[in-house]
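Student: In order, the protein sequence lines correspond to chains A and B.
Residues 80 to 370 in the working numbering are what the first sequence lists, from first letter to last.
Residues 520 to 801 in the working numbering are what the second sequence lists, from first letter to last.
Worth flagging that the hints you see were computed from the coordinates, not collected in a lab.
Among the clues, some could well be false.
Listed below are the simulated DSS-like cross-link pairs for lysine-lysine, each with C-alpha atoms no more than 30 Å apart in a straight line [what the hints assert, rightly or not]:
1) B:K604 to A:K123
2) B:K794 to A:K338
3) B:K794 to A:K135
4) A:K123 to B:K622
5) A:K190 to B:K648
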Amino acid sequence: MRAIVFVLGLLVLSAGSYAQVPPGQPPGQAPTPKELPSYSIPFKLTNTQHIMVRAKLNGKGPFNLIVDTGAPALFISTETAKKCGVEIDKRGWANFDSFVLEGGVEVPKAKGRVEDLYQLKAMNGMGLPGVELHGVIGYNILAQFRIEYDLTKDRMVWTRLNYTPPPLLLQPGGKGGKDNTLEGLGGMMKMLGGMMGKKANLEARPRGFLGVELADTDRGVVVTNVLAQSPADQAGLRKGDRIVSVGGRECATVAEVFKRTNRRAEGEELQLQIERDGKEQELAIVLGKGL
Amino acid sequence: MWIRFSLVFAAALLGWSLQPATLWANDRAKAEPAPASEAKTVIVPFELIGSRHMVVEVKLNGKGPYRLIFDTGAPTMLINPRIAKDAGVTDSEIKGLFGAGEKTIKTFELGELKIDDLSTTVMDHPTVKAISQAFPRIDGIVGLTFFARYKMTIDYQKREIAFVENGYVPVNTMANMMKLMTVKQGPAPIVAAAGQWGMQVDKSSDDTEDGVNVVNVLPGSAAAVAGLRQGDRLLTIDGRWTDSVADVYQAAGAVPAGREATLTILRAGERLELKVQPKLGF
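Go ahead and model the full structure; you've got the sequences and the hints to work with.
Tutor: Next comes the structure, spelled out in structure tokens:
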């Protein structure tokens, strides 16, 4: 069961039950491809294997949203909706004055449902995705675009289509479409997450700053420049010095130096062994702030 | 269901070392990625049903076609017990922990696409059921463990999906979930720029406006050469928002040394674009 709540994915129904409704209209005519505006949208695969993009709603955010063809519409958590200062109608829907995706997509008059999806509640409660998830982007927005997904890249391509997608067929009404069987899981997982001391680790710490430019040469990793006022400068590192080892581990390439230093935060001390004029010496440098 | 559920948490609390990778070792993508030159585009039509879900027809172990919802928000595959039995997927049950219902589809076909040994959850999903009751029958979900193997373009207007193999190997979803739930949380992760910019940014906790403040630009650095100045408000790097200090490092992490990236800044109320070419270093 454990995984099921996530694995199920974000397949959701709009609130309200569906009466028998006719199927969607047939496909529209092909657009003229040249005129369609295209956007390069950064995305991230969460630890839970969901495709996440960032959006600003009514100028607030950024909020983390899952790209989800299994959802009929944009779904936004109640807390997020509150932050956006949006008005929620009697049926739980809200109209956003502005909806902008990181990378430039703008959706005018975006309509979203304000609801705490149990899947998001559960994942957030356990801190599983690695980021806090604020909602999902579903059909009513996705259908306005032709979207290219490629998990070997760090961006997806959204091309605005020149047509009006078939509308949502919503029937007003209570909880008809909700899956009550699973509904309780969100709160349950959140509670268990709390008991286990698990919560979203949302902070990210910047890597510390040294202030050296490096190059791979015949004699190994060589300092090609030291930025004035940088920690490297203050510790006496000089242009022409060869980096022998970092933290006691030999580094033959710049890539190896990066590997030994990429997880070192601001304020941490770096032990460097360098070679200058044929002599080796040790330097201890406290990493500063910056990039 | 609840018993299973609590068992898992017992496992998590006790920190059982489950080695899920070996438990579900057969879940790995076995299809060899086609070389780029041979990669061909396969077009698969989908039906847009009244609930506005995408429905595709698939064959499991040569049986079918079955109608499944195509769901980019689902990390894995899911089929109901009826078609699992019909297609003989049930026989492949891995009597795993807690009766997870994780099974293997020996051959999965979507249009001309064919994949061997695709793992799936077998379950009567209440939402799938609910959709099935209002619309023509639906028997499951196609998720990321399938589509991640392709560069995939979904076109709602043409009602089709284009697939080109991309060599991506999806992780085992069940094993991944188990790992996420049992692994202890460490300190906050560290984010690093991929190159050297020579600048420092900051933002106070009560500052909710777009961007971060540039508080220092080192003389002679890549940032200085680009014309960045102390006091500038940095809005984007390479098309990514920089609304927090961590955002800046994350965006800079995607710009390798030597590649030019565009910065959007606000200076004296004016929006400017600068080009920065980060150096090899840190």
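Student: Now, for every hint given, state plainly whether the structure supports it.
Tutor: Going down the list of hints, with the structure as the test:
Taking the CA atoms of K604 (chain B) and K123 (chain A), the gap is about 36 Å. The hint is violated against a cut of 30 Å. Annotation: proposed proximity of K794 (chain B) to K338 (chain A) holds, straight-line Cα distance about 27 Å (limit 30 Å). For the given pair, K794 (chain B) sits about 25 Å from K135 (chain A) by alpha-carbon distance, which is consistent with the 30 Å threshold. Distance restraint check for K123 (chain A) and K622 (chain B): the Cα-Cα separation of roughly 28 Å lies within the 30 Å cut-off, and the hinted pair is therefore satisfied.
Pair hint K190 (chain A) plus K648 (chain B) holds up; C-alpha atoms about 26 Å apart against a cutoff of 30 Å.
The earlier numbered hint that this structure contradicts is number 1, and it is the only one.
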